[in-house]
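Residue numbers (our numbering), protein chains in the order written: chain Z, 1 to 118; chain B, 1001 to 1112.
Everything labelled a hint here was simulated from the structure, so no lab data went into it.
A quick note: this is a predicted structure, and the numbers were derived from the prediction, not measured.
There may be inaccurate statements among the hints.
To be verified - Facing chain Z, according to a computed beta carbon distance under 7 Å, are these residues of chain B, among others:
| # | residue |
| --- | --- |
| 1 | F1039 |
| 2 | F1046 |
| 3 | G1050 |
To be verified - Examples of chain Z residues lying across from chain B (beta carbon under 8 Å, computed):
| # | residue |
| --- | --- |
| 4 | F39 |
| 5 | G53 |
| 6 | S54 |
| 7 | Y58 |
| 8 | G61 |
| 9 | S89 |
| 10 | I93 |
| 11 | I106 |
| 12 | Y108 |
| 13 | G112 |
| 14 | R114 |
| 15 | L118 |
Think of the CB as a built atom: it goes at the ideal place given N, C-alpha and C, for glycine as much as any other residue.
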Amino acid sequence: GAVVSQHPSWVICKSGTSVKIECRSLDFQATTMFWYRQFPKQSLMLMATSNEGSKATYEQGVEKDKFLINHASLTLSTLTVTSAHPEDSSFYICSARARAVLAKNIQYFGAGTRLSVL
Amino acid sequence: LAKTTQPISMDSYEGQEVNITCSHNNIATNDYITWYQQFPSQGPRFIIQGYKTKVTNEVASLFIPADRKSSTLSLPRVSLSDTAVYYCLVGDGNNAGNMLTFGGGTRLMVKP
């Protein structure tokens, strides 16, 4: 149980284009999903918190107009990197927190998306 | 926000027991301790979570002393496939807020 599917796993795009990444909780309802970015040899950095049916909360320094987050249902959140540039190349990871209180706030992570902007 | 401190890296050999300690001196009463494992180019994977004393599952054990200012993840008889980065997170079990800060993690290298 507690599987989070993230798609695509790898994407290459041209500078200036937009890329959408999907994050789905397959066997549980996720009231909250999180988006992280990770550069090589570094730890995960939280970008934003996505709550179903409401606007995402972005961390300081993360441009909300560049990283559009939509959490349309209890099982799906999307991250769109708009007008991507080479400096946006990174490993993007989503996670979901189960709705059940007994889960004690454990996060279940997707496999990540490797974005390369040419 | 309970900050965590872990060793940057550790080396071990196959078949040995590995203990990774995490310091969290300002842990709060409602905070749980959660450990994740991350392989290269993959998302982190939940290993174990605890509040106090000892927790054991099929993968690892978590030892938490009475003052809860530190915790130790114990991996019995590691294999090469246990080579990964291990993260310790501390935060309120019912509040996502401070559970989301990943520290530097511990890079475990298991050698044959």
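Against the structure, the hints:
no.	hint	result
1	F1039	violated, 10 Å
2	F1046	holds, 5 Å
3	G1050	violated, 10 Å
4	F39	violated, 13 Å
5	G53	violated, 16 Å
6	S54	violated, 14 Å
7	Y58	violated, 13 Å
8	G61	violated, 14 Å
9	S89	violated, 14 Å
10	I93	holds, 5 Å
11	I106	holds, 5 Å
12	Y108	holds, 7 Å
13	G112	holds, 5 Å
14	R114	holds, 7 Å
15	L118	violated, 19 Å
The structure does not agree with the numbered hints 1, 3, 4, 5, 6, 7, 8, 9 and 15 stated previously, though it agrees with the rest.
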